[in-house]
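Peer 1: Chain by chain, the residues run as shown.
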Amino acid sequence: MKPLTFTRVISICAALLAVLFVVVVAALKVGAVPISISDLALNLARTIFGRRIEMPSEYRMIVFDIRFPRIVLGMLVGGALSVAGTSFQALLRNPLADPYVLGVSSGGAVGAILSLIFLPRIPLVTPLGAFLGAIATISAVYFLGRRHGQLDSTTLLLAGIISASFLSALISFLVTTLATRDLRGIVFWLMGDLSTPVPDSLHWALLAALLLGIGSIYTTAADLNVITAGEREATHLGVDVTRVKLVVYVSASLLTGIAVSVSGAIGYVGLLVPHAMRMLFGSDYRILIPASAIGGAIAVVAADTLARTVMAPTELPVGAVTAMLGAPFFIYLLRRRLS
Amino acid sequence: MRFVERTIWTALLAMVLSLCAGSSARAQTNPPTPPPGNTDRDAAKAEPRIVTDQVGRRVEVPQPLRRVVSLAPSVTETIYALGAQDLLVGDTDACNYPPAAQKLPKIGGPFTPNLEVIVSLKPDLVVAAANSGNRKETVDALDLLHVPTYSTNAKTVEDVLTSIIELADVLGVGDNGRALADSMRTRLADLHNKLENVTPTRAMFVVWQEPLISIGQDTYIADAMRRAGAESVVMTKQDWPRLSWEEALRLQPEYLVFASAHPDEVTATLNGMRNLPGWRDLKAVTENKIVIISDAVNLPAPRIVDAIEELAKRLHPEVFTDATHGASGGAPAAGAAKQSTEPAQ
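Heads up: the sequence lines are chains A and B, in that order.
Everything in the first sequence is counted per my numbering, starting at 1 for the first residue and increasing by one.
Everything in the second sequence is counted per my numbering, starting at 1 for the first residue and increasing by one.
None of these hints come from the bench; they were simulated from the model.
Fair warning: there could be bad hints in the mix.
Covered stretches of chain A (in silico footprint by chain B; criterion: 3 or more residues with CB under 8 angstroms from a CB of chain B, positions within the stretch not fixed) [unchecked claim]: (1) 65-77; (2) 294-303; (3) 306-318.
The structure presented is a predicted model; accordingly, all values stated were derived computationally and were not measured.
C-beta atoms are modelled at their ideal positions from N, C-alpha and C, and glycine is treated no differently.
Kindly generate the complete structure, drawing on both the sequences and the hints.
Peer 2: Here it is in structure tokens:
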């Protein structure tokens, strides 16, 4: 492994940000309504010089009110899910851990749906409900996944899959029995969907929660490097394992919760991206965490761009796109680990 | 914050410009896309009119109203029936009545309309159907984009009439709306008189065969059946209940009612299922008491009266024979479809 220097971290992040920029520009350009590159440039220039008013109103709406906020949302969700996946993989010492596979996304969805059913009018209650659902699920999966006081990789995955399936059943139950409101939309949202815009204020709240979550996890990055070797070993080396676990589980649940509350269960991003980043940049969590955050943003924006363009004007749920790419990759990782 | 925003946009612009340079050679062969709209198009506008829509939201309707996008087949059908189709600049993939509506620019399906396409059509007003195909999320999204969106909503046939009058008023064709609703009301009253002495037929409306889905009592379809001299046997508050076969067999409806634009397909499907357990145990199937009516009954729109009359004629042909015949052909509503009068086999 190459030694980690500040320059290396900066250059890797810069390179990834450059890729993200290209993806974002492409995502701004393509869509159901074609927009030429020169028009896009002209309108961006107008924005910079504070002359948005000169823009044709439907351009302003399509590019700046529909596409750009959706891209921002995709970046937030992708970053959150990838960092959550990265930290679950470290703490559970399991390369197949991911918020979706572990059932944490479904837990978040149950929390979000309960909050929608019982407290529909209060703002920010949905992300909070999703966060609580996520944290309850990861606690349950963690305890179910232990054998003889030790985390067992297979048991843990099974516990996650069983929890996810139980929670999906619970969602079906809630949606069919408590249909006081029109909940048909929820079924669509559950598949992972970014097509519904959120209010600007929520963007800022999500961004704050994202930075808080990623920041807290990053403070434990050096400790995570040690913990991947084993919790007992880490304790011997002076790592406060309990504190690290608490910080990371709470933060990763927060990240999963906010992602689920706005976009439903987008699967496999938290699995695919951390592995890709590990292959590219090594497994030092001090670089892996920021790289996953940016990589996740790239992945979800790219997947969502596919979701809204391949069948335009009809859209696919972005969760279908990530699952189609992610599930085979999961199998590949599983086979590789077994052999 | 402004500085950060500016930096981001500048960086994006730099990217785009570099792409521009790269693609300029190609751009020469392709004529540049003309800008799709004029910025000062809406310079001279009257004060918007403020109305409350049928789900209780306050909607600012720009005046004069020039461009309307429909998000549901029922809305499209109503707008054509009101003669306001010149306002319509876009509708959904599912809008297939009247046939002319199929030629309008499409904005995707009612459940997953494409916001970009809606906005690109520069609508003054978007009209949604709250209980017939559209999601609340779509209306919320359009609200965020400041696109005025009016939702229709109907739980009974009476609601359909009110809904037509109110929508007509919003679209500036209030007289047409009242005339259309009056003619529908006259036909319904006529039917009511005819059916006064008949016992309602116990019928089950089949929304979907596999799994078996019927309708609840609080739907306009159940109300339409009541007005056609039938009663929906499924007693539930849920709108689209998934019915267990045990319950269906316990209910043993006298008639099964299907709605389809392609009756032959339904007949073919039914023939395929006739010998399956469940279906073969229904008396209505063994006695062939099956009625397929126009799919217009599925939409809270003007043709629902046609569908009601059609169902009434199939279930109670005796009251439509002899002397009263002339009255039933009374002034069909604008946009009314041909009525099939052949009784069921």
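Peer 1: For the segment 306-318 of chain A, do at least 3 residues have a Cβ located nearer than 8 angstroms to some Cβ of chain B?
Peer 2: holds (count 5)
Peer 1: Taking 8 angstroms as the Cβ threshold, is the statement that the segment 294-303 of chain A is covered by chain B upheld or broken by the three-residue rule?
Peer 2: The restraint on the segment 294-303 of chain A is violated, since only 0 of its residues have a Cβ under 8 angstroms from chain B and three are required.
Peer 1: Are there at least three residues in the segment 65-77 of chain A whose beta carbon sits under 8 angstroms from a beta carbon of chain B?
Peer 2: It holds, with 3 qualifying residues against the three required.
Checked against the numbered hints given earlier, this structure breaks only hint 2.
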